[in-house]
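Read off the chains here:
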Amino acid sequence: MKMKTTIAGAAGLAMLASFAVSGPAMADKLEDLKAQGFARVAIANEPPFTAVAADGKVSGAAPDVAREIFKRLGIDEIVASISEYGAMIPGLQAGRFDVVTAGLFMKPERCAAVVYSEPVLCDAEALLVKKGNPKGFQSYADIANSEGATVGAPGGGTEEKLALDAGVPRDRVIVVPDGQSGLKMVQDGRIDAYSLPVLSINDLMMKANDPNLAVVAPVVGAPVYCDGAAFKKGDEALRDAYDVELAKMKESGEFAKIIEPYGFSAAAAMSTSREKLCSQ
Amino acid sequence: MEWDWAFVWQIFPTLVEGVKITILATLLGSVLAAFVGLGIALARRSSNRILSRSVSFAAEFIRGTPLLVQLYFIFYVLPDIGILLAPLVAGVIGLGLHYGTYTAEVYRAGIDNVPRGQWEAAKACNLSARQTWMHIIIPQALPPMIPALANYFIAMFKETPLLSAITVLELMNQAKSVANSSYRYIEPITMVGAFFLAISLVAVFALRWLERRYGRVET
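So the sequences go chain by chain: A and B. As numbered in this note's numbering, the first sequence has no gaps in its residue numbers, which increase by one up to the final residue, 280. As numbered in this note's numbering, the second sequence has no gaps in its residue numbers, which increase by one up to the final residue, 499.
Hints listed in this document are in silico derivations from the structure and should not be mistaken for laboratory results. On a predicted model such as this, the values are computed, not experimentally measured, just so you know. One thing to keep in mind: the hints can contain errors.
Below are the DSS-like pairs computed for lysine-lysine, each with C-alpha atoms no more than 30 Å apart in a straight line [as the list claims (entries may be wrong)]:
#: 1; chain 1: A; residue 1: 250; chain 2: A; residue 2: 34
#: 2; chain 1: B; residue 1: 300; chain 2: A; residue 2: 184
#: 3; chain 1: A; residue 1: 161; chain 2: A; residue 2: 248
#: 4; chain 1: A; residue 1: 71; chain 2: A; residue 2: 34
#: 5; chain 1: A; residue 1: 161; chain 2: B; residue 2: 300
#: 6; chain 1: A; residue 1: 161; chain 2: A; residue 2: 233
#: 7; chain 1: A; residue 1: 34; chain 2: A; residue 2: 248
#: 8; chain 1: A; residue 1: 184; chain 2: B; residue 2: 438
#: 9; chain 1: A; residue 1: 233; chain 2: A; residue 2: 250
All chains, please: the whole structure from these sequences, using the hints.
Structure follows, in structure tokens:
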């Protein structure tokens with residue numbers, strides 16, 4: 001009896017194992033997505049990179065580019081889910097999304113964890129501060145050197161890393177869940193600065209329409225970063241197909257037509273490459 | 281997906297920092313909940329109808345809304361009317377108020393449990409209301425309540441990860457920020473579970489002891 005259950009258990013395990021293997025072993029992700037009719041993308045709801053309207057419609061420069069490219073690849077629709085920046089790469093690895101199109105800037109450690117498309121959206125970094133910039137921040141190092149000054153940033157975002165790298169202690173880098181919270185925390189004086197890419201800060205400023213706030217842009221010493229669509233390791237074939245369409249769109253000017261109304265520069269994305277950004 | 285012990289040891293000190301805040305928030309929240317609960321229980325028994333009705337309503341309101349919503353309200357909305365609380369303070373107030381409405385029920389049951397004769401005897405001895413409460417009712421009502429109260433405090437302890445939503449750097453938030461830069465969830469989140477389990481187990485043993493010590497109603 002005991003042996004029987006053991007054998008049944010082993011058989012079950014073997015079956016499970018074969019399922020587990022057969023999932024990722026189906027090499028042609030593109031064909032799977034075509035059959036499925038949609039691709040699952042991760043976004044952040046940080047306009048103008050990614051935005052979700054009140055009625056649930058997904059827009060923003062990154063998903064718009066992805067939607068168009070997937071359409072050309074024969075995948076009709078994208079289904080977006082909102083995620084924190086820090087959860088995007090683990091979520092991608094866990095198979096929760098097929099691609100991240102959220103302004104996830106290329107950096108060497110991210111390039112090592114996922115496979116990126118060629119650059120899509122480029123932006124410098126900015127700080128949202130009180131009017132007149134009372135503490136005189138021009139760079140992340142200024143925040144580090146200012147006694148007790150705090151900076152807010154999205155958890156797992158580029159800005160959090162930049163602030164930590166500039167020497168701001170962990171307990172002065174406040175992880176802020178979303179743009180609206182960050183804005184509110186600066187208004188309430190909970191944090192001295194809130195850091196996001198320039199276009200995102202400008203978007204927040206425009207919506208807040210608060211004369212007591214000011215923007216420091218670009219942050220001195222922070223490079224211009226570019227994002228790309230990030231795919232799971234092993235999906236290189238899908239990424240390559242994506243790159244081909246992206247290059248065609250860049251060539252024809254349709255790429256500029258999508259992203260420039262959002263304020264992004266197509267020339268900036270076209271003047272650099274994944275290879276360059278991943279080693280920067 | 282493999283378990284990396286070297287990574288565990290590397291993140292251990294960071295997580296311990298989070299544990300400290302988690303325990304601090306629980307302790308402060310418990311003290312606040314104990315007092316708020318007592319206040320609510322007493323106010324509801326008050327002969328002043330306006331007081332007892334309005335406190336009853338407020339307690340039902342707090343109990344009927346999610347803690348997370350209350351935390352957001354305390355942290356993000358109150359500054360609009362000029363009340364700016366530090367994240368940990370806001371979190372402790374949220375926990376204390378929310379659980380205070382539950383502990384109020386424990387107090388109510390405990391007080392109702394004191395035999396009617398005791399009230400009458402106090403009256404017969406010409407004790408004032410204050411004396412009756414301080415020397416007759418509360419000393420008898422309190423011991424049987426202790427295990428039930430402790431139970432709520434363990435429950436509160438396990439709710440503290442909600443404080444990460446209002447930027448308190450407690451255990452869950454520390455684990456998330458570790459995961460944010462390492463792209464690994466398995467070790468940090470498993471460790472969070474392990475820390476909570478370890479502390480809960482100790483608390484459960486302490487609770488058993490409290491039950492043995494105070495759980496019986498002495499006659």
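Hints, one by one, checked against the model:
As the CA atoms of residue 250/A and residue 34/A are separated by approximately 23 Å, the hinted pair is consistent with the 30 Å bound. As the CA atoms of residue 300/B and residue 184/A are separated by approximately 28 Å, the hinted pair is consistent with the 30 Å bound. Distance hint between residue 161/A and residue 248/A is unfulfilled; the C-alpha atoms sit about 34 Å from each other, more than 30 Å. Restraint check: the Cα-Cα separation between residue 71/A and residue 34/A comes to about 10 Å, which is no more than 30 Å; the hinted pair holds.
Taking the CA atoms of residue 161/A and residue 300/B, the gap is about 24 Å. The hint holds against a cut of 30 Å. A hinted pair counts as satisfied when its Cα atoms are at most 30 Å apart, and residue 161/A with residue 233/A qualifies at roughly 23 Å. Of the supplied pair hints, the one linking residue 34/A and residue 248/A holds, its CA atoms being roughly 20 Å apart against a limit of 30 Å. This hinted pair checks out: residue 184/A and residue 438/B have alpha carbons roughly 28 Å apart, not beyond 30 Å.
A distance of roughly 25 Å separates the Cα atoms of residue 233/A and residue 250/A; the hinted pair therefore holds under the 30 Å criterion.
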